[in-house]
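Peer 1: Residue numbers (our numbering), protein chains in the order written: chain A, 124 to 566; chain B, 262 to 505.
The hints are simulated quantities; they were obtained by calculation from the structure and are not laboratory data.
All residues carry an ideal CB built from backbone N, CA and C; glycine is no exception.
A portion of the hints provided could be inaccurate.
Said to hold, decoys possible - In silico DMTMM-like pairs for lysine to aspartate or glutamate, Cα to Cα no more than 25 Å straight-line:
#1 B:K307 to B:E333
#2 B:K448 to B:E323
#3 B:K454 to A:D150
#4 B:K455 to A:E141
#5 A:K566 to A:E280
#6 A:K303 to A:D197
#7 B:K284 to A:D425
#8 B:K448 to A:E161
#9 B:K284 to A:D215
#10 B:K455 to A:D150
#11 B:K284 to A:D197
What the hints assert, rightly or not - On the chain B side, residues computed to face chain A include the following (Cβ under 10 Å):
#12 E276
#13 V297
#14 D301
#15 D305
#16 K307
#17 V308
#18 R309
#19 K448
#20 A451
#21 K455
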Amino acid sequence: MRVETDIARASWGNYPAESQRLTLLRDRHAPLPLEGDESVLPYGQGRSYGDSCLNTGGLLLGTQALDRFIYFDDATGVLTCEAGVTLAAIIDLALPRGWFLPVTPGTKFVSLGGAIANDVHGKNHHREGTLGAHVISFELLTSDGARRLCSPSENAEVFAATIGGLGLTGLVTSATIQLKRVASAFLSGRSIKFGNLDEFFSLSETFVGSHEYTVSWIDCLSAGDALGRGIFMCANQATADEVAAAGAKAGRHLPLTVPIMPPLSLVNQLTLKPFNWAYYHRQYTSDVARLWHYNSFHYPLDAIANWNRIYGPKGLLQYQCVVPRADQQAVSRALLAEISRSGQGSFLVVFKTFGARASPGLLSFPMEGATLALDFPIRGLSTFALLDRLDAIVVEAGGRIYPAKDARMSGETFQRGYPRLSEFLPFIDPRFSSAFERRVMRK
Amino acid sequence: MQRIVIFGATSGIAEASAREFAKAGASFFLVARNAVALDDLGADLKVRGAASVQMRVADLSEVENLPALCREAGIALGGIDVALIAHGVLPDQEACLASCRKALETLQVNAVSPAVLMLEIAGYLTQQGHGHLVILSSVAGDRGRPSNYVYGASKALLSVLGEGMALSLASKGIKVLVVKPGFVDTKMTAAFKKGALWASAADVGRAIVGAVESGKTGVLYTPRWWQLIMLIIKHAPGFIVRRI
Numbered sequence: 124m125r126v127e128t129d130i131a132r133a134s135w136g137n138y139p140a141e142s143q144r145l146t147l148l149r150d151r152h153a154p155l156p157l158e159g160d161e162s163v164l165p166y167g168q169g170r171s172y173g174d175s176c177l178n179t180g181g182l183l184l185g186t187q188a189l190d191r192f193i194y195f196d197d198a199t200g201v202l203t204c205e206a207g208v209t210l211a212a213i214i215d216l217a218l219p220r221g222w223f224l225p226v227t228p229g230t231k232f233v234s235l236g237g238a239i240a241n242d243v244h245g246k247n248h249h250r251e252g253t254l255g256a257h258v259i260s261f262e263l264l265t266s267d268g269a270r271r272l273c274s275p276s277e278n279a280e281v282f283a284a285t286i287g288g289l290g291l292t293g294l295v296t297s298a299t300i301q302l303k304r305v306a307s308a309f310l311s312g313r314s315i316k317f318g319n320l321d322e323f324f325s326l327s328e329t330f331v332g333s334h335e336y337t338v339s340w341i342d343c344l345s346a347g348d349a350l351g352r353g354i355f356m357c358a359n360q361a362t363a364d365e366v367a368a369a370g371a372k373a374g375r376h377l378p379l380t381v382p383i384m385p386p387l388s389l390v391n392q393l394t395l396k397p398f399n400w401a402y403y404h405r406q407y408t409s410d411v412a413r414l415w416h417y418n419s420f421h422y423p424l425d426a427i428a429n430w431n432r433i434y435g436p437k438g439l440l441q442y443q444c445v446v447p448r449a450d451q452q453a454v455s456r457a458l459l460a461e462i463s464r465s466g467q468g469s470f471l472v473v474f475k476t477f478g479a480r481a482s483p484g485l486l487s488f489p490m491e492g493a494t495l496a497l498d499f500p501i502r503g504l505s506t507f508a509l510l511d512r513l514d515a516i517v518v519e520a521g522g523r524i525y526p527a528k529d530a531r532m533s534g535e536t537f538q539r540g541y542p543r544l545s546e547f548l549p550f551i552d553p554r555f556s557s558a559f560e561r562r563v564m565r566k
Numbered sequence: 262m263q264r265i266v267i268f269g270a271t272s273g274i275a276e277a278s279a280r281e282f283a284k285a286g287a288s289f290f291l292v293a294r295n296a297v298a299l300d301d302l303g304a305d306l307k308v309r310g311a312a313s314v315q316m317r318v319a320d321l322s323e324v325e326n327l328p329a330l331c332r333e334a335g336i337a338l339g340g341i342d343v344a345l346i347a348h349g350v351l352p353d354q355e356a357c358l359a360s361c362r363k364a365l366e367t368l369q370v371n372a373v374s375p376a377v378l379m380l381e382i383a384g385y386l387t388q389q390g391h392g393h394l395v396i397l398s399s400v401a402g403d404r405g406r407p408s409n410y411v412y413g414a415s416k417a418l419l420s421v422l423g424e425g426m427a428l429s430l431a432s433k434g435i436k437v438l439v440v441k442p443g444f445v446d447t448k449m450t451a452a453f454k455k456g457a458l459w460a461s462a463a464d465v466g467r468a469i470v471g472a473v474e475s476g477k478t479g480v481l482y483t484p485r486w487w488q489l490i491m492l493i494i495k496h497a498p499g500f501i502v503r504r505i
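Next up, chain A with everything else stripped away, as it sits in the complex (with noise of 0.2 Å):
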């Protein structure tokens, strides 16, 4: 028997707020329950920004259930799980045995599965490049009842496109992957003060080479001389001489939450001014050198549950754009100064340069060049028009938007930016859709 409950809100960014409806797995042996005739999608923590995570009028298969860890060598860090266990619970088993992920997202509350489907990337693309590089094999179990062990050897073609697959290809199991040898839980490195984008870009080049990790603030409201003025921070795995020689501790973090959804959003031009201005005044010296712990270096926001909400319920757009290498100062320049002009934006507006490592998935978003990431609280058709501008200034560079954060560029704009979707298309299980695929993939 399916049993189905209704969920409001399902994505991050509270947009669209329509409600969904889900079926939660169980048994990851167990056929797909596709006894309707309605489409379905996989769903995991809800993380994904927009409408990818989504499939209104169809049928969400939640994934929250699938948590049982499978194998783990402690000796070579090859862990194999079913898809819906999170990445926290990945770091809660595999941090005291000297493991780490190889590549984590900004927050550690995602599933596997949708860390694949996503393939996700972190601050330390420059040298591992996406999620999906250090995927050893998954399963894959399709509308027609095959389960197929897909690697970059077996089934080569089906992996590509379920990597960065954004669930449309059918439903990894499970998956195993390779850890990375970590010597501590913390990081070492530094937090350099920056006063204009052409600093950041020389700092990046750097520090690249010597720092595993390496990601920026920026301050979205600064303009003229000190636009794209910021912090920072390049880090590499601390060792434990370095942890002990700090006498170093993990915080106890306390239970911080946004209980309820304020009425308003809180982020508006009253408060991002100050924020803004504090945050870059906070640091007095140029340049400090700095021990992390893991959860404050990768996961600051994890830090206070629900924290969308303080941006209201009409809830907040994402935006992640790509540029190319060649010409990523000056297309940067444009999007920052695009940005400040309007007055809109968020608190913490992040800035990184990607490496060349090649992302394994047919539609995976990272490419070598410059990322851009902030949030804004939806105010209407001004918020939506400036995404708009932002998308042209992007497309006409040669780069892309991230699905995973998406809910309303065009059609046009995604298929432009990603070139290799007529090879995707044919994998889309016959079964499966999503909000997102019906908005930009069809013609």
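Put chain B on the given structure of chain A with help from the hints.
Peer 2: Below, chain B alone, put in the same frame as chain A:
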């Protein structure tokens, strides 16, 4: 290192409890009916840190086999530190009322079978001189309610048996804990609409393992505030209970 036997090991709350025990490196003897689900659980517990996992497929409604099954668990583990009795079904009340056989089947699985196991395990632990017997009962056993009194009656039997055993075996060094979860989100309750009163199996599992680690005997309501809710429900007049 604890040696743990779990009956009905693949039930949601048992699985969540087992994950917590596994973190501390326990050894397991797991009994369940579904061989595939049992294999999945065993593999998961090994990854999470279990020192060893032995698995036994059995239909626990066949009560005549239960004494031998308990002896088998004791031999396999070389002694039992914790026994968790967790099997049970949530029957369709209407079907039970329509068919006496269906009602008796439910009582067999939910009451007779666990009661036999409780008595057998208590005997084993007494002979051994130590051990913790944990029984998964329910708040539904505290008062008969119109929607689920067949289920409630089966759990009431376990609660009363367990409470009595807790008192009588304390002097012999045996601990007995009756666990009364409230509404828990598991496959047993998949069809119910969930509200604010619902707890996750993981939370209930943590509470059970915490209570075992602190040597608790008697009754554990989980989450704790169900004790207050049930105090009110037990004393509420019939015309109110009829509506809930």
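Peer 1: Each hint needs a verdict: does it hold in this structure or not?
Peer 2: Hint check:
1. Among the hinted pairs, K307 of chain B with E333 of chain B is consistent with the structure: their alpha-carbon atoms are about 21 Å apart, no more than 25 Å.
2. Using a Cα cut-off of 25 Å, the hinted pair K448 of chain B and E323 of chain B holds, with the two alpha carbons roughly 23 Å apart.
3. This hinted pair checks out: K454 of chain B and D150 of chain A have alpha carbons roughly 21 Å apart, not beyond 25 Å.
4. Taking the CA atoms of K455 of chain B and E141 of chain A, the gap is near 19 Å; set against the 25 Å cutoff, the hint holds.
5. A distance of roughly 23 Å separates the Cα atoms of K566 of chain A and E280 of chain A; the hinted pair therefore holds under the 25 Å criterion.
6. Only pairs whose Cα atoms come within 25 Å are accepted, and K303 of chain A paired with D197 of chain A is accepted, the gap being roughly 11 Å.
7. About 24 Å separates the Cα atoms of K284 of chain B and D425 of chain A, which keeps this hinted pair within 25 Å; it holds.
8. The suggested pairing of K448 of chain B with E161 of chain A holds, with an alpha-carbon distance near 24 Å, which does not exceed 25 Å.
9. Distance check on the hinted pair: K284 of chain B and D215 of chain A sit about 10 Å apart at the alpha-carbon level, within 25 Å; holds.
10. In summary, the hint linking K455 of chain B to D150 of chain A is supported, as the alpha carbons are separated by about 21 Å, within the 25 Å threshold.
11. Pair hint K284 of chain B plus D197 of chain A holds up; C-alpha atoms about 15 Å apart against a cutoff of 25 Å.
12. Proximity of E276 of chain B to chain A holds as hinted, the smallest CB-CB distance being about 9 Å (cut-off 10 Å).
13. Taking 10 Å as the C-beta contact cut-off toward chain A, the hint placing V297 of chain B at the interface holds, the least distance being around 6 Å.
14. Given hint, D301 of chain B at the interface with chain A, holds; its Cβ is 5 Å from that chain's nearest Cβ, closer than 10 Å.
15. The interface hint given for D305 of chain B holds, since its Cβ lies 4 Å from the closest Cβ of chain A, which is under the 10 Å cut-off.
16. Evaluation of the K307 of chain B hint against chain A yields a held restraint, the C-beta minimum of about 8 Å falling below 10 Å.
17. With 10 Å as the threshold, the beta carbon of V308 of chain B comes within range of chain A, its nearest partner Cβ sitting at about 4 Å, so the hint holds.
18. Satisfaction of the interface hint for R309 of chain B is found here, the shortest Cβ-Cβ separation to chain A being roughly 6 Å, below the 10 Å cut-off.
19. Interface restraint check: K448 of chain B against chain A, minimum CB-CB distance 5 Å, threshold 10 Å, status holds.
20. Against a cut-off of 10 Å between C-beta atoms, the interface hint on A451 of chain B holds, since the closest Cβ of chain A lies about 5 Å away.
21. A distance limit of 10 Å between C-beta atoms decides the matter here; for K455 of chain B the minimum to chain A is near 7 Å, and the interface restraint holds.
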